[in-house]
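**Student:** Sequence:
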Amino acid sequence: AVAPGIISATTILALNYKGGAVLVSDSQATQSNLDKFKEPVKKIFPMDSCSALGIAGVPSIAMKVSKILKITLSAETRKAGGDFSCDGKANLLERIVAQYFSLFLQTDGKLSADFLFVSYDQQKPGPRIFNCDPSAWAKEVSDYFSIGAGSGHVLDKLALEWKSDLLEKHDPDVFNIFR
Numbered sequence: 371a372v373a374p375g376i377i378s379a380t381t382i383l384a385l386n387y388k389g390g391a392v393l394v395s396d397s398q399a400t401q402s403n404l405d406k407f408k409e410p411v412k413k414i415f416p417m418d419s420c421s422a423l424g425i426a427g428v429p430s431i432a433m434k435v436s437k438i439l440k441i442t443l444s445a446e447t448r449k450a451g452g453d454f455s456c457d458g459k460a461n462l463l464e465r466i467v468a469q470y471f472s473l474f475l476q477t478d479g480k481l482s483a484d485f486l487f488v489s490y491d492q493q494k495p496g497p498r499i500f501n502c503d504p505s506a507w508a509k510e511v512s513d514y515f516s517i518g519a520g521s522g523h524v525l526d527k528l529a530l531e532w533k534s535d536l537l538e539k540h541d542p543d544v545f546n547i548f549r
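Just so you know, this note's numbering puts 441 at position 71 of the sequence shown, and the rest follows in order with no gaps.
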């Protein structure tokens with residue numbers, strides 16, 4: 371049960387810092403902000419040695435996109451003979467999500483998914499975050515971003531509390547700003 375005044379909703383959060391990026395999520399399966407399932411749900415999936423994908427929305431679509439991205443990314447990396455650029459990975463995510471765009475339109479957005487992609491760019495050393503919405507636009511964001519029904523609360527809090535060196539201090543209470 372959720373305490374009164376507490377919103378229960380999917381929240382995926384990505385934060386950049388000098389040494390990389392952090393991608394975190396809740397593990398509660400919800401529907402319309404209501405706790406629906408007792409078993410935890412995995413919402414973050416590693417894509418390769420330096421990339422991960424966070425998902426929000428209809429799980430079947432989001433998980434299918436993550437599986438297709440991982441398999442395609444592996445094949446494209448082998449075909450290219452080495453590491454794939456961050457931009458190439460984001461473009462690949464756009465192409466895969468675009469295949470589901472007509473489904474999103476046909477259901478008036480009821481069958482929808484959002485994606486938060488983080489990667490460490492080996493070519494231009496540094497972490498990068500991309501938000502890919504159902505329209506298949508992978509927009510790069512800086513410092514931090516959140517998706518899911520609970521993201522508005524997280525983004526509001528970060529707008530007030532964010533410091534670019536927040537994660538560099540390795541403070542064990544780094545996420546106290548969310549309490």
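Read the hints as simulated data drawn from the structure, not as lab findings. One or more of the hints may lead you astray.
[What the hints assert, rightly or not] Below are the DSSO-like pairs computed for lysine-lysine, each with C-alpha atoms no more than 27 Å apart in a straight line:
#, residue 1, residue 2
1, 494, 388
2, 434, 412
3, 509, 440
4, 434, 388
5, 434, 509
6, 437, 527
7, 434, 449
8, 494, 509
9, 440, 527
10, 437, 449
11, 388, 449
12, 494, 412
13, 449, 527
14, 434, 527
15, 437, 412
16, 509, 437
17, 509, 527
These figures come from a predicted structure and were not determined experimentally.
**Student:** Hint by hint, note whether the structure agrees.
**Tutor:** Consistency of the hints with the structure:
Under the criterion of a C-alpha separation no larger than 27 Å, the hint pairing residue 494 with residue 388 is consistent with the structure, at around 13 Å. A hinted pair counts as satisfied when its Cα atoms are at most 27 Å apart, and residue 434 with residue 412 qualifies at roughly 13 Å. This hinted pair checks out: residue 509 and residue 440 have alpha carbons roughly 19 Å apart, not beyond 27 Å. At most 27 Å may separate the alpha-carbon atoms for a hinted pair to count; residue 434 and residue 388 exceed this at roughly 32 Å.
Of the pairs offered as hints, the one joining residue 434 and residue 509 holds, with about 21 Å between alpha carbons and a cut-off of 27 Å not exceeded. With a C-alpha separation of about 32 Å, the suggested pairing of residue 437 with residue 527 is violated against the 27 Å cut-off. Only pairs whose Cα atoms come within 27 Å are accepted, and residue 434 paired with residue 449 is accepted, the gap being roughly 22 Å. With a C-alpha separation of about 17 Å, the suggested pairing of residue 494 with residue 509 holds against the 27 Å cut-off.
Of the supplied pair hints, the one linking residue 440 and residue 527 is violated, its CA atoms being roughly 32 Å apart against a limit of 27 Å. Simply put, residue 437 and residue 449 have alpha-carbon atoms about 18 Å apart, close enough for the 27 Å limit, and the pair holds. The straight-line distance between the Cα atoms of residue 388 and residue 449 is roughly 31 Å, outside the 27 Å bound, and the hint therefore fails. Between residue 494 and residue 412, the direct Cα distance comes to roughly 30 Å. Violation of the 27 Å bound is thereby established for this hinted pair.
Under the criterion of a C-alpha separation no larger than 27 Å, the hint pairing residue 449 with residue 527 is inconsistent with the structure, at around 43 Å. Between residue 434 and residue 527 the alpha-carbon distance is near 31 Å, which puts this suggested pair outside the 27 Å criterion. Using a Cα cut-off of 27 Å, the hinted pair residue 437 and residue 412 holds, with the two alpha carbons roughly 13 Å apart. Pair hint residue 509 plus residue 437 holds up; C-alpha atoms about 21 Å apart against a cutoff of 27 Å.
For a cut-off of 27 Å, the pair hint linking residue 509 to residue 527 stands: about 22 Å separates their Cα positions.
Hints 4, 6, 9, 11, 12, 13, 14, counting from the list given before, are not met by this structure.
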